[in-house]
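Number of protein chains: 2
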Amino acid sequence: MAAKNPSNRMEIRLAGEGGQGMILAGIILAEAAAIYDHKNATQTQSYGPEARGGASKAEVVIDSGEIDHPEVIVADVLLAMSQEACDKYAGNMKKGGLLIVDQERVGRVPSNRAIKVPISRLAEESSGKSITANVVALGVLVGLTGVVSREAIAKAVTARAPKGTEEMNRAALSAGFAAADLVGKKHAHKS
Amino acid sequence: MAAKNPSNRMEIRLAGEGGQGMILAGIILAEAAAIYDHKNATQTQSYGPEARGGASKAEVVIDSGEIDHPEVIVADVLLAMSQEACDKYAGNMKKGGLLIVDQERVGRVPSNRAIKVPISRLAEESSGKSITANVVALGVLVGLTGVVSREAIAKAVTARAPKGTEEMNRAALSAGFAAADLVGKKHAHKS
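Residue numbers (this note's numbering), protein chains in the order written: chain A, 36 to 226; chain B, 36 to 226.
Think of the hints as simulated: they come from the structure by calculation, not from any bench.
Quick reminder that beta carbons are idealized off the backbone N, C-alpha and C, glycines included.
Errors might be hidden in some of the hints.
To give an idea of the chain B side of the interface with chain A (calculated C-beta under 10 Å), a few residues [what the hints assert, rightly or not]:
1) G53
2) I70
3) R87
4) E101
5) P105
6) I108
7) V109
8) G126
9) M128
10) S165
Listing some non-contacts, in silico: residues in chain B with all C-beta distances to chain A over 10 Å [claimed, not checked]:
11) I58
12) I62
13) S81
14) E186
15) R205
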């Protein structure tokens with residue numbers, strides 16, 4: 036059993052609309068951490084009235100030690116794929132937490148430190164299918180945070196990709212990594 | 036907001052091996068409850084070392100009121116799709132809880148009250164694909180417990196079925212309902 040080390044805990048919230056694949060993204064991220072990076076991970080969805088309104092949210096907790104509480108308490112990372120998701124969850128983040136938004140869908144951000152990436156456009160451009168936006172988003176998130184290794188997320192994406200879509204999903208993930216590299220540099224220059 | 040009513044809480048554990056679709060089954064069951072039956076639901080996976088050994092487990096909590104704790108504490112229902120899953124989790128069930136096993140894969144059960152259904156064989160026979168065993172299992176579980184309505188689970192299965200597999204999945208679900216009706220009757224006769 037891994038040693039208990041609470042400082043290692045990373046709380047990630049992926050939020051958007053139904054059909055954007057947030058739940059699958061959460062599963063892939065948790066599997067990358069647990070199966071390929073040998074950490075512990077939990078992955079949770081809570082469905083209430085907002086699920087019937089079309090909102091979708093997945094929560095992932097990753098820790099090298101044991102995980103007592105499987106849900107996000109205060110997020111280290113928020114991915115917001117809709118304006119509603121950004122408005123709803125941006126207030127529940129750690130100080131210095133990372134907010135990533137899909138620039139195509141989120142016009143108003145609560146802080147100039149938010150990372151805006153044209154995620155759905157990159158999905159279209161890299162893979163020809165907007166449905167891969169969740170995988171582009173995983174590429175951005177992992178590229179910026181290193182919460183799991185790039186190798187682990189690539190393996191987890193491929194393992195969950197429906198037959199015949201592996202290539203398309205790999206392209207989407209690479210586009211996400213590339214965007215992270217560019218954004219990361221831009222931020223480094225600014226500071 | 037629905038009234039708090041702890042006696043309504045149903046804790047369901049779906050356990051088997053990776054590739055048997057336990058996680059997807061958990062998502063479908065939670066969505067049936069929340070989106071189509073207007074209850075609250077949570078769905079959780081915890082991945083530890085056993086995930087790397089190939090075990091897979093999904094937990095679903097359904098309540099008409101609010102859900103404080105998203106994980107299964109003591110299961111009301113256990114679906115065991117492998118001998119390992121049965122051995123590991125059958126001890127953590129409520130008295131009078133319902134244990135459903137895939138008769139094709141689980142030889143030893145801890146109680147003569149366990150419900151044995153040839154789930155993977157029914158999947159093959161009804162849909163031609165053993166991959167639908169998770170949907171057959173949902174049909175059995177919902178048919179026996181009524182934890183969500185048959186209509187809700189049918190809608191949730193169809194909404195999550197990959198394009199072109201809707202018919203196959205509906206057939207698998209119907210086979211599960213039929214098995215539940217048969218098993219239910221047999222049990223009623225026994226007692």
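List of violated hint numbers, smallest to largest: The structure conflicts with hints 6, 7, 8, 9, 10, 11, 12, 13, although it agrees with all the remaining ones.
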